[in-house]
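> Go ahead and model the full structure; you've got the sequences and the hints to work with.
Taken in sequence, the protein lines are chains F and W.
Residues in the first sequence are numbered from 1 upward in steps of one, following the numbering used here.
Residues in the second sequence are numbered from 316 upward in steps of one, following the numbering used here.
FYI, nobody ran anything at the bench for these hints, they're computed from the structure.
Label pairs and their calculated CB-CB ranges:
1. F:242 / W:550: 45 to 51 Å
2. W:433 / F:167: 54 to 60 Å
3. W:316 / F:314: 54 to 60 Å
4. F:119 / W:372: 34 to 40 Å
5. W:483 / F:274: 27 to 33 Å
6. W:396 / F:242: 25 to 31 Å
7. W:588 / F:119: 41 to 47 Å
8. F:167 / W:463: 51 to 57 Å
9. F:153 / W:590: 49 to 55 Å
10. F:153 / W:402: 29 to 35 Å
11. F:119 / W:430: 35 to 41 Å
12. W:532 / F:314: 47 to 53 Å
13. F:242 / W:372: 35 to 41 Å
14. F:119 / W:318: 51 to 57 Å
Quick caveat, the model's predicted, so the values are computed rather than measured.
Every residue, glycine too, gets a C-beta built ideally from N, C-alpha and C.
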Amino acid sequence: MTTLLPEERPLDAHVRTTSSQTKRYGFFPGCVAKESCKELFNSTMLLAEKLGIELVELTAASCCGASVVNDTNHDIARVLNARTYAQAEALGLDDVITICSTCTGHMRAANKELKESEERMAQANAILGKFGAKYNGTVTVRHLLWLLIDDIGLDTLRSMVVRPLNGLRVAPFYGCHIIRPESVNGWESARKPHSLEDLIAALGGEPVDYAGKTRCCGFHVQLEKDGIAPAMVGQNMRMAKDQGAEAVLTPCPLCHLALDGYQADAAARWGRTDLPTFHLPQLVAFALGVPADRLGLNKHLIDPRTIMVERRLIS
Amino acid sequence: MARITLDIFRFDEATDTVPHRDRVTLDIPETTTVLEALETAKAEVDGSISFRRSCRSAICGSCSMNIAGTTALACKTPCKSVMDDEGVIRIDPMPNFQPMKDLVVHMDPFWDKYTRLKPYLQPVDKDEDHERERRVSPEDMKKLVDAANCIMCATCYSLCPVISVDPAFAGPAAIAYAYRFIEDVRDGKRAERLAQINEDYLWLCAHCYACSYCPKHVDPHERIVDVKRATIKDRVMMNERGPRHALVVNKTIKQTGMLAETEVIQGTVGRFNIRGLLKIAPLGLRMAARGKLPPPFIKPIPKVDEVRTIFESLEVPVA
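Here it is as structure tokens:
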């Protein structure tokens with residue numbers, strides 16, 4: 001197996017940052033949470049309030065490059081992210097929290113390249129210097145999911161649950177870039193991740209195991225050829241549904257757009273699945289007592305409130 | 316010693332209509348590889364179990380199979396890394412292939428995709444002096460080494476989610492191997508190769524990194540990205556959706572600091588491609604009904620000039 005041994009994984013995935021002590025984190029929402037998935041941004045802020053942590057939004061940060069800038073020019077993608085890290089450092093923050101799998105993977109890859117190569121760091125700083133910025137390499141990029149488990153802890157979360165999910169059968173959908181490649185992410189095994197399952201269980205839900213959970217949603221090729229993304233969504237959601245899933249939980253808004261948007265188009269080939277998809281902070285915030293009507297659930301194309309009423313989670 | 320149970324997919328296309336599974340239990344050391352366990356099962360329990368193998372040391376690429384849910388070389392996989400709590404190892408033929416007999420699959424589609432990309436050197440000066448030495452600098456050679464390490468085991472191909480829904484995609488291995496010739500200074504068919512690989516849906520790679528499980532560290536995803544960069548650099552088929560998507564994303568980030576979803580969709584599909592836009596219109600309408608459409612225009616981020624400085628400092632002038 002080419003799964004990395006624990007000692008080969010990047011060391012900074014589980015690091016205790018200064019931010020994790022002060023509970024004041026740099027926050028990189030990413031483009032989609034500011035555009036078509038605003039409900040993700042809003043529910044993240046509501047969850048942070050509930051958890052008593054401060055997310056300091058890096059308002060001048062640019063797009064992470066979303067794999068596409070990297071497709072044309074590797075250096076630009078890296079330096080764009082160096083600029084974001086320099087902004088966090090200037091605010092005295094050493095932890096940048098993301099709420100998107102693709103942001104996580106690409107930002108961690110850029111950060112790794114910068115930290116591992118003096119030449120690349122010098123190249124980045126030569127450009128950042130043109131507008132008076134500098135990156136010193138002190139930042140760690142982590143996903144909100146990792147913050148929840150490492151900094152808050154599953155036991156604490158479990159004790160904070162005021163509205164347990166009543167055994168709602170939730171299928172985790174990781175989103176490739178939060179687990180692969182392991183040499184970049186490495187927070188958990190890419191082949192057998194279980195953070196989302198642990199979280200679902202801590203909230204009182206029942207995690208559903210299915211082969212599609214670590215597979216691709218097709219978002220990144222949705223525009224390249226018609227029908228590809230719906231087919232990938234249909235294939236994965238069929239597996240989830242066949243294992244008894246009633247809803248899906250994803251830490252990635254790109255996966256959310258694909259899963260929520262394309263199940264209708266996939267129905268002709270894969271049968272109707274109609275699984276409502278929760279953004280990670282929506283479901284956690286709900287269980288922790290944030291009112292359901294503040295979580296933007298009405299923005300989803302497949303309305304999750306139907307199953308929530310059925311399972312007596314809301315009335 | 317450990318008690319290990321192999322749970323094996325059994326099927327013979329000559330006689331069976333549906334597959335079944337057989338379980339073989341062995342007492343063997345846990346450090347045994349899955350291939351050694353299969354060899355033992357075949358020698359001692361059931362001689363009809365079929366699988367491919369040759370070198371037994373991760374060089375020949377014959378023994379790829381699906382082990383405990385992911386494809387890997389059986390000869391490189393220790394039993395203890397894949398057995399479940401009861402000591403059971405589930406073994407299936409590679410996904411994305413038609414099974415032939417047990418763990419043996421029909422490899423033809425995989426080879427066809429290689430062949431289409433002409434996986435051999437086509438020298439610049441083919442008709443000239445055959446005896447002449449064609450030298451390659453160590454720097455130029457370094458670019459090719461990773462891709463040239465491919466043993467054609469098809470692990471990446473069998474894990475590729477795009478292949479599973481659209482077999483027209485060339486797949487990671489063929490693209491990585493094409494890269495090995497595209498960047499070879501001795502090769503004279505760079506333009507033809509890039510055109511062919513773009514026709515074979517280079518841009519359908521979904522960036523899922525499933526091919527990062529490559530047992531030989533070829534890292535096909537990185538090679539696919541290399542071929543995309545070469546495509547942009549050489550301006551090959553720039554009016555197709557892939558290159559258009561790449562360019563419009565870069566453009567919106569340079570202008571606003573953000574990936575502007577609305578402009579990216581229009582720029583990729585084509586602002587005047589009425590048929591293309593109509594095809595995605597139903598989803599757009601569903602999103603609009605939920606108040607979920609991305610904004611038509613994006614306000615630039617604070618200090619967006621800095622983003623432009625980064626682009627302008629690093630942009631490589633296109634040929």
